[in-house]
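There are 2 protein chains.
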Amino acid sequence: MIQRPRGTRDFGPKEMEARRDLENDFRRVAERFGFREIETPIFEHAELFTLKSGPNIIEEMYAFEDKGGRQIALRPELTAPAMRFFVNDLTNMPRPLKVYYFGQCFRYERPQSGRFREFFQFGAELIGAPTPESDAEIIGLAAAMIAVSGLGEYRIRVGHIGVLRSMLKDAGVAQEMVAGILQKLDKKVYNEARPLMMDAGMSDDSIEAVVKLTETTGPVAVLDEFPGEASDYLRTVFKVLEAYGVTNVEVDLGVVRGLDYYTGIVFEIDAPKLGAEKQVCGGGSYSLTELFGGEKVFSTGFAIGFDRVMIALEREGYKSKEHGVIAYVIPVSEGMRTQAHSIAAEMRNSGIAADVDLMRRSLGKNFKYADSIGARFAVIVGENEMAEGSVAVRDLKSGEQRLVKRNELVSTLQKEESGARSRCGGEN
Amino acid sequence: MIQRPRGTRDFGPKEMEARRDLENDFRRVAERFGFREIETPIFEHAELFTLKSGPNIIEEMYAFEDKGGRQIALRPELTAPAMRFFVNDLTNMPRPLKVYYFGQCFRYERPQSGRFREFFQFGAELIGAPTPESDAEIIGLAAAMIAVSGLGEYRIRVGHIGVLRSMLKDAGVAQEMVAGILQKLDKKVYNEARPLMMDAGMSDDSIEAVVKLTETTGPVAVLDEFPGEASDYLRTVFKVLEAYGVTNVEVDLGVVRGLDYYTGIVFEIDAPKLGAEKQVCGGGSYSLTELFGGEKVFSTGFAIGFDRVMIALEREGYKSKEHGVIAYVIPVSEGMRTQAHSIAAEMRNSGIAADVDLMRRSLGKNFKYADSIGARFAVIVGENEMAEGSVAVRDLKSGEQRLVKRNELVSTLQKEESGARSRCGGEN
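For the record, the sequence lines run as chains A and B. Counting from 1, one number per residue, gives the positions in the first sequence under our numbering. Counting from 1, one number per residue, gives the positions in the second sequence under our numbering.
Okay, chain A solo, but in the shape it has when bound (with noise of 0.2 Å):
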């Protein structure tokens, strides 16, 4: 047997019903948002990503040379793209620029729990608007699409790099340093970004201040005792998230995300039950349009771990939605065999999800096949029934029949039909 690749999965039809679930949940909730679907390509130019994340990152991606030499990588990530694509193709679009996507990323390390080396990503970016109330449509969004996935235990912490930054830039630390120091205190590592500060020269108190700072969580009231510019955007922030109905979020200094483009409100999701791995999405507001060769333009986004919310959902025993065909149809006879496909037919084309015998099986071998595909009702078609213009309906899950008149078979199944696709229904 051939093996799939090593950190890869194959999803078979009940996984990928409840993913798609999700997945059309969350499409919806973009949408209703105003934000727009783009797709980029699977690989890109390898220089794209060691651009935005430095030259460590080609040890984690699937890297390969084209037949012209070049460095290819499948993308590890979306912003990157994205952002490639704006600055290519998209500068002349109405501002704000709204847009979504979702799609498979890679990356190359050992597979284990909750990491795989394909995995999903969707995520949205808010493109030219500087102003907080962007900032809050995109945490507001998230909020939204964590919200409709049915995750029931998440916490929502906002910070804002700039508290930081400019806490370190008052204590005097030189701008080369700061990236390092931030990593540090992102991984909460305090003991080795303590040797760090003090190497730039910051005194004890200020070291201390920075390492309270990033203790800080709770109401928005916390941000009193840090004064400034970053901590009243933040405020405003938060005011809008009010208006938007938001109330479950707390300021958490301590969201450093330590990558250089961040500029201004940084945020993540996690869902406790995951442990180590708990995050679940994070974003922030960042500035990338000018490295790719483009002019700076303020950006604001999230990425959500799909699989993540996945696995999340499945801890908390979330029981997803039942998909399955309304009708099988059984032909009593090689006589009706005819009969039974141009009734299977007049459903599909009235919208009615159904399904016929095409194994020439017998009728109990028929309804056991029929339940095992999850159908609902078995539709049997007999020619003393259909001499009669009947045929026989069977609910397959209390397992009473009776006879439906042929013309009024398909308004019959429509009505359950609509019941069971509630997909597109008026839920939020």
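Since the hints were made in silico from the structure, they are not lab data. Misleading hints may appear alongside valid ones.
Pairs count within a copy or across copies, as identical chains cannot be separated in the list.
[What the hints assert, rightly or not] Capping the alpha-carbon separation at 27 Å, the derived lysine-lysine pairs in DSS-like fashion look like this: (1) Lys187 x Lys278; (2) Lys368 x Lys296; (3) Lys296 x Lys365; (4) Lys365 x Lys239; (5) Lys239 x Lys405; (6) Lys14 x Lys296; (7) Lys397 x Lys319; (8) Lys187 x Lys321; (9) Lys319 x Lys67; (10) Lys67 x Lys296; (11) Lys273 x Lys14.
Please arrange chain B on chain A, whose structure you already have, making use of the hints.
Positioned in the frame of chain A, the structure of chain B alone reads:
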């Protein structure tokens, strides 16, 4: 600027909406036929594809070595991965197993019109039901999918590889020479096929009979000239297709599909508007599982070239559905900003796609933006109107403006939303 890799594409919002509409139409039809989605990784071990298509395919694939020294390839098609998945994990599922899939495929060749290095396929496989009904089901599904796409001009041509194979066998052609001859006949290069048939010891009469066979097209009656098992089988397939109401199909015994693993019926759908690259769908019954280490299982399926259908629709001037938010909320003054956000949130929570000013723009600039993103209505939130419990709603197509009670706003716009979102309606 960093360019996207050669032969790949980015899809902007408008193009993505048209593509997702088509994809969703395809999904809906497949699910109505009782097919369920599966998904496999973007890359596979290269041997999966060389086993199926021969070693030459390596040259046409994006292949690279992983860190473990194994040959990995970006998938050039989706049938082999689907059957690998079946052999590995799905052999215990109830049969027939009906699956569909949609995703990116890759081929490493000079990019040209209608052929991309990254392209999209939508396919379906019906596994484990060795009956003419199964073949009819697969052809019926392909026909229903092309019909729902809105394509006006296309031909569905169905043949049976067995008719030709048995004629070659009867003419004394050795088994090992069959594949080479079929490949030439598939491409209708008779000047190359003839010498091969002569080398294989065929008489002039048999050769001309073969040529005549591959030029045979028309209604099912043309099969009368070629009696035998394969013709009888094909006749039954056409009978079931008729019961399904699929009458726009014709027999074409020249559909050969020059690959060894096809075993019975073979079919193609062409869109003449596409010129040389006119084939939008190809399929047939085949046997692959035993190549991948499983038991031999009858399978029948097809793949639709998603990009080609999109291009054919464009050439026919197909007008895609309008998307865009229902409402764009504009605060008239700074004091109304929070109200505007609350109104946008209320609409979104009620299932209405809504956007809101994030740029603190003037009324005039907001109208311009609302228009540019295709919003249907502007909701104007002014101090005086709000004091009287109303907002102004302006139809951005007609320019008409009226006052709507604040507490009736959602129900008023919900009616517009359900009108616009015909995607979830009862259409075919």
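Hint-by-hint comparison with the structure:
1. For the identical chains of this complex, Lys187 and Lys278 are intra-copy neighbours only, at 14 Å inside a copy versus 56 Å across copies, given an alpha-carbon limit of 27 Å.
2. For the identical chains of this complex, Lys368 and Lys296 are inter-copy neighbours only, at 24 Å across copies versus 63 Å inside a copy, given an alpha-carbon limit of 27 Å.
3. Proximity of Lys296 and Lys365 under a CA criterion of 27 Å is satisfied inter-copy only: 22 Å between copies versus 66 Å inside one chain copy.
4. Proximity of Lys365 to Lys239 under the C-alpha cut-off of 27 Å is restricted to the inter-copy arrangement: shortest distance 25 Å between copies versus 62 Å within a copy.
5. For the homomeric pair Lys239 and Lys405, the shortest alpha-carbon distance between copies (25 Å) is at most 27 Å, but the shortest distance inside one copy (60 Å) is not.
6. In this assembly of identical chains, the alpha carbons of Lys14 and Lys296 lie at most 27 Å apart only when taken from different copies (25 Å versus 45 Å within one copy).
7. Taking the closest pair of Cα atoms, Lys397 and Lys319 come within 27 Å of each other only inside a single copy of the chain (18 Å); across copies the shortest separation is 43 Å, beyond that limit.
8. For the identical chains of this complex, Lys187 and Lys321 are neighbours neither inside a copy (38 Å) nor across copies (47 Å), given an alpha-carbon limit of 27 Å.
9. When the C-alpha separation of Lys319 and Lys67 is checked against a cutoff of 27 Å, the pair qualifies neither within a copy, at 48 Å, nor between copies, at 39 Å.
10. Proximity of Lys67 and Lys296 under a CA criterion of 27 Å is satisfied in neither setting, with 34 Å inside one chain copy and 38 Å between copies.
11. In this homomeric assembly, Lys273 and Lys14 come within 27 Å of each other (Cα to Cα) only inside a single copy, at 23 Å, whereas the closest approach across copies is 39 Å.
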